[in-house]
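**Q** For reference, the chains in residue letters:
Protein chains: 2
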Amino acid sequence: MQSHEKYLNEAFDLAYQSVRNNIGGPFGAVVVMDGKIIGKGGNRVISQNDPTAHAEIVAIRVACRNISNFDLTGAVIYATCEPCPMCLSAIYWANIKEVYYCLTRYQAEAIGFRDNHIYEEMNLLPEERALAFHQVTHPEAAGLFREWMEKQDKMIY
Amino acid sequence: MQSHEKYLNEAFDLAYQSVRNNIGGPFGAVVVMDGKIIGKGGNRVISQNDPTAHAEIVAIRVACRNISNFDLTGAVIYATCEPCPMCLSAIYWANIKEVYYCLTRYQAEAIGFRDNHIYEEMNLLPEERALAFHQVTHPEAAGLFREWMEKQDKMIY
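Sequence lines, in order, name chains A and B.
Residues in the first sequence are numbered from 5 upward in steps of one, following the working numbering.
Residues in the second sequence are numbered from 5 upward in steps of one, following the working numbering.
Chain A extracted, bound-state conformation:
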């Protein structure tokens, strides 16, 4: 329990830095492997003009760079707030299997963030979403996926 607190202290420090230095929203995250912090970050949406620079995404990118691998199997992530669907999906793609968090999507909503709204949109059929979603045909569609299937030296992620 004390180690959880240590990692969360770090995540909260990062979140406060983002707010106080106008770097981004009040969110921080830390990726830990074998008891060691391998990646960390605060939200940087504002300073980097990057809507994808959420704390968890930043921390995952840094961790992957540090271990030169897109696969973080065995790692744990600590986040000040419940990850939004973007960050939660990134956690799946990175093969992180355990998440510790403090604040919830509803608490984030109460201070003006859209995490909960986006969760609700995810569950809708494309035609029911606030966003217009158009499936169109393209002559290369089938060939592209066939080429991947048949590629002998492909790496799976």
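Hint data in this document are derived by calculation from the structure and do not stem from the laboratory.
These numbers come from a predicted model, not from an experiment.
Among the clues, some could well be false.
As the list claims (entries may be wrong) - Just so you have them, the derived chain A footprint on chain B, three or more residues with Cβ under 8 Å: (1) 36-46; (2) 92-98; (3) 101-109; (4) 113-124; (5) 136-147; (6) 152-161.
What the hints assert, rightly or not - Simulated DEER-style distance windows between Cβ atoms: (7) D17/B <-> T77/A: 24 to 34 Å; (8) E124/B <-> T141/A: 21 to 31 Å; (9) D17/A <-> H138/B: 49 to 59 Å; (10) Q139/B <-> D17/A: 15 to 25 Å; (11) N127/B <-> I160/A: 19 to 29 Å; (12) P143/B <-> A134/A: 18 to 28 Å; (13) T141/A <-> N25/B: 43 to 53 Å; (14) I160/A <-> Q21/B: 27 to 37 Å; (15) M153/A <-> N13/B: 27 to 37 Å; (16) G39/A <-> E154/B: 14 to 24 Å; (17) E113/A <-> A136/B: 20 to 30 Å.
A virtual CB, placed ideally from N, CA and C, is assigned to each residue, including glycine.
For this one, chain A is given, so just place chain B on it according to the hints.
**A** Quick look at chain B alone, frame taken from chain A:
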């Protein structure tokens, strides 16, 4: 309709480049504003060791850098495949309101990608997910969000 095809041609070219140069999976995306491509990218998960470097995320980041803004209101995104939940959420965070795509999450699943699995996990309650999700308390939790609420010069994203 012809302009859709032009942008999708570009997205498919990017996807083929990712596959053939071992850069990443068979996915490409293009962000268009006022009829002009302002960001584009192929999947780069493998070459960049970055599980978040999906085509749509790459294209959104480039577009934001090009217009020096985290807000892409008015932009449209073209993607070779239905965006995964990470990319779809990034589209919401970027305020892109329109998506054109060709292949589906089910076709991606048939060639080994987890997009559909991750969509299914999004819909589950945290305690039902394949991933362990632990909410824990921290003495700074309430204070952090209060500080954001009370911050006078904050930017909303």
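**Q** So, for every hint listed, does it hold in this structure?
**A** Comparing the hints with the structure gives:
no.: 1; hint: 36-46; result: violated (count 0)
no.: 2; hint: 92-98; result: holds (count 7)
no.: 3; hint: 101-109; result: holds (count 8)
no.: 4; hint: 113-124; result: holds (count 7)
no.: 5; hint: 136-147; result: holds (count 9)
no.: 6; hint: 152-161; result: holds (count 8)
no.: 7; hint: D17/B <-> T77/A: 24 to 34 Å; result: 33 Å, holds
no.: 8; hint: E124/B <-> T141/A: 21 to 31 Å; result: 26 Å, holds
no.: 9; hint: D17/A <-> H138/B: 49 to 59 Å; result: 20 Å, violated
no.: 10; hint: Q139/B <-> D17/A: 15 to 25 Å; result: 20 Å, holds
no.: 11; hint: N127/B <-> I160/A: 19 to 29 Å; result: 25 Å, holds
no.: 12; hint: P143/B <-> A134/A: 18 to 28 Å; result: 37 Å, violated
no.: 13; hint: T141/A <-> N25/B: 43 to 53 Å; result: 26 Å, violated
no.: 14; hint: I160/A <-> Q21/B: 27 to 37 Å; result: 19 Å, violated
no.: 15; hint: M153/A <-> N13/B: 27 to 37 Å; result: 22 Å, violated
no.: 16; hint: G39/A <-> E154/B: 14 to 24 Å; result: 36 Å, violated
no.: 17; hint: E113/A <-> A136/B: 20 to 30 Å; result: 24 Å, holds
Checked against the numbered hints given earlier, this structure breaks hints 1, 9, 12, 13, 14, 15 and 16; the rest are met.
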